[in-house]
Each structure stands twice: as structure tokens, then as C-alpha cells.
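Chains A and B are the protein sequences, given in the same order. The first sequence begins at 1 in the working numbering and counts up by one. The second sequence begins at 1 in the working numbering and counts up by one.
Just so you know, not all the hints are guaranteed correct.
Given that identical chains are not distinguished, each listed pair holds provided it fits within a single copy or across any two copies.
[Stated by the list, open to error] For lysine-lysine, the following DSSO-like pairs were computed, each having C-alpha atoms within a straight-line distance of at most 27 Å:
hint: 1; residue 1: 109; residue 2: 57
hint: 2; residue 1: 90; residue 2: 106
hint: 3; residue 1: 112; residue 2: 50
hint: 4; residue 1: 109; residue 2: 53
hint: 5; residue 1: 57; residue 2: 112
hint: 6; residue 1: 106; residue 2: 80
hint: 7; residue 1: 53; residue 2: 112
hint: 8; residue 1: 57; residue 2: 80
hint: 9; residue 1: 80; residue 2: 90
hint: 10; residue 1: 90; residue 2: 50
hint: 11; residue 1: 57; residue 2: 105
hint: 12; residue 1: 90; residue 2: 53
hint: 13; residue 1: 105; residue 2: 80
hint: 14; residue 1: 53; residue 2: 110
Hints in this document: simulated from the structure, not taken from any laboratory.
2 protein chains.
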Amino acid sequence: MKTTDDQLSQIFAALADPTRRAILARLSSGEVSVNDLAAPFDISLPAISKHLKVLEKAGLIERTREAQWRPCRLRAEPLKDAADWIETYKRHWEESFDRLGEYLKKIQKKEKRS
Amino acid sequence: MKTTDDQLSQIFAALADPTRRAILARLSSGEVSVNDLAAPFDISLPAISKHLKVLEKAGLIERTREAQWRPCRLRAEPLKDAADWIETYKRHWEESFDRLGEYLKKIQKKEKRS
Chain A
1 MKTTDDQLSQ
11 IFAALADPTR
21 RAILARLSSG
31 EVSVNDLAAP
41 FDISLPAISK
51 HLKVLEKAGL
61 IERTREAQWR
71 PCRLRAEPLK
81 DAADWIETYK
91 RHWEESFDRL
101 GEYLKKIQKK
111 EKRS
Chain B
1 MKTTDDQLSQ
11 IFAALADPTR
21 RAILARLSSG
31 EVSVNDLAAP
41 FDISLPAISK
51 HLKVLEKAGL
61 IERTREAQWR
71 PCRLRAEPLK
81 DAADWIETYK
91 RHWEESFDRL
101 GEYLKKIQKK
111 EKRS
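Please take these sequences and the hints and turn them into a complete structure.
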């Protein structure tokens with residue numbers, strides 16, 4: 001299954017909100033009902049539902065139909081596609097941090113000498 | 001330097017668009033002028049400028065002031081913060097893929113027997 005450009009955009013858009021990221025963090029330790037998910041946040045149930053819809057559309061959560069309380073469950077697989085996309089830039093950020101490290105070393109040497 | 005919740009949201013929001021991801025991909029091979037960046041896309045220069053502003057605000061590109069043509073340059077460091085956040089879910093997607101693998105093995109065994 002190949003993630004399309006549009007799916008990748010939906011995944012990143014879903015992650016672009018601290019409440020939605022907190023919901024995913026909560027679900028990473030197991031299934032949770034919508035009411036329990038909403039409890040720690042100072043926002044309305046409809047607002048939580050809206051966030052859940054965004055996460056569901058991005059494929060990052062699913063609402064199970066088995067139990068009557070219809071708990072939410074994390075679906076982490078699409079996060080791998082996001083991780084794979086970002087990882088293609090790893091060489092670039094490693095080079096930047098290497099350059100910063102070299103620069104700091106130079107500064108420290110100069111300070112020692114003076 | 002710790003990335004705040006808000007910065008992380010800006011980074012993910014910046015990545016949630018195929019044109020902006022294509023701009024980053026283009027810049028990963030070196031500095032490019034705004035005109036050259038716009039060329040492969042069928043959108044106006046003001047539209048490209050808007051995308052560049054989103055990327056700049058997220059800290060993913062910078063406009064150099066050295067040259068008169070003010071080229072854009074990739075800044076990959078914030079992508080590491082995004083990667084670090086996503087990586088915390090790695091165990092979850094690996095478990096999902098393991099479960100899928102086990103399931104496929106079971107199916108194949110059944111097919112062999114019948």
C-alpha cells in the first residue's frame with residue numbers, strides 16, 4: 001500500500017495540533033472511550049469529536065464497533081509513512097548539527113588559548 | 001533548544017501540503033531563487049511566496065541576504081524534532097506490522113494444507 005501525496009498531507013495536518021497529538025499519546029497506552037478522552041481537556045465534547053474525525057480521516061485512529069462504548073484505538077501504521085518521508089532529510093539535519101559541533105569546538109579552543 | 005508544542009504544530013502544518021513538500025525536496029539539493037522554485041509549479045509567484053512564508057515561519061527554510069537574488073535555503077534541523085516526536089510511536093507501528101506478518105503466515109499455511 002503506497003501512501004499518496006494527499007494521504008501524507010492529511011497525516012501531517014492531523015499532527016499539526018497539540019490536542020490531537022495529546023489524544024494520540026493518550027491512546028498509545030490502550031483503548032479509551034470518547035468521554036474519557038475528553039476529560040483531561042478543557043474543551044467541549046463536540047470539539048473533541050471534531051478532532052477525532054480529523055484523526056480518523058487520516059487513518060490514525062479507529063472507533064471500534066465491538067463494544068457498546070465504542071472505544072477509540074490508535075492506528076500507528078500511517079505514522080511510519082510520515083516518518084519515512086521525514087527521514088529522507090536526516091542527512092541534512094545531521095550535517096547541520098555536525099557543523100554546529102565543529103563551530104562550538106573552535107570557540108572553546110579559542111577561549112582556552114586566551 | 002526545546003521545540004514547543006506550538007513550533008511542532010507549525011512544522012507539521014508546513015509539511016501538510018504537497019507543494020511545500022516539493023519545495024523542500026527541491027531545496028535539499030542546494031540553494032534556489034524564488035523564480036526557479038516557482039518554475040516547475042503551475043501556480044502564481046504570490047502563491048509560491050505564501051508557501052515560502054509558511055515554511056520560513058516553521059523554520060524549515062531561510063532566505064539568505066548575502067546574494068542579490070536572495071536564494072532560499074533548506075533548514076532541516078526542525079525536521080529532527082518532528083522525526084523525534086513520530087519515532088515515539090515506532091513500537092506501535094512495528095507491532096502492527098508484526099501482527100500483519102503473523103496473520104499472513106497463518107493464511108499461507110492454511111492454503112498449503114488445503
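Up to 27 Å between alpha-carbons, please classify residue 57 paired with residue 112: within, between, both or neither. neither (57 Å within a copy, 37 Å between copies)
Is it within a copy, between copies, both, or neither that the alpha carbon of residue 112 lies no farther than 27 Å from that of residue 50? Intra 57 Å, inter 46 Å, cutoff 27 Å: neither.
Are the CA atoms of residue 90 and residue 50 at most 27 Å apart within a copy, between copies, both, or neither? between (33 Å within a copy, 26 Å between copies)
Up to 27 Å CA-CA - residue 105 versus residue 57, copy category: Neither: 48 Å inside a chain and 30 Å across chains, both beyond 27 Å.
Given a CA cutoff of 27 Å, do residue 106 and residue 80 count as a within-copy pair, a between-copy pair, both, or neither? Answer is between; shortest inter-copy Cα gap is 24 Å, intra-copy 38 Å.
Check residue 53 against residue 112 for me: Cα-Cα at most 27 Å, and say if that holds within a copy, between copies, both or neither. Intra 58 Å, inter 41 Å, cutoff 27 Å: neither.
Measure nothing new, just compare the shortest in-copy and cross-copy C-alpha distances for residue 109 and residue 53 to 27 Å and report within, between, both or neither. Neither. Shortest intra-copy (55 Å) and inter-copy (38 Å) distances fail the 27 Å Cα cut-off.
When no copy is named, should residue 57 and residue 80 be tagged within, between, both, or neither for a Cα gap of at most 27 Å? Both ways: residue 57 and residue 80 sit 16 Å apart in one copy and 26 Å across, limit 27 Å.
27 Å Cα cut-off: does residue 90 pair with residue 53 within a copy, between copies, both or neither? between (31 Å within a copy, 23 Å between copies)
Within, between, both or neither: how does the pair residue 109, residue 57 come out at a Cα-Cα threshold of 27 Å? Neither: 54 Å inside a copy, 34 Å across copies.
Cα distance capped at 27 Å. Does residue 105 pair with residue 80 within a copy, between copies, both, or neither? between (36 Å within a copy, 22 Å between copies)
For the identical chains here, do residue 53 and residue 110 meet the 27 Å Cα criterion within one copy, between copies, both, or neither? neither (56 Å within a copy, 38 Å between copies)
In summary, the numbered hints that this structure violates are 1, 3, 4, 5, 7, 11 and 14.
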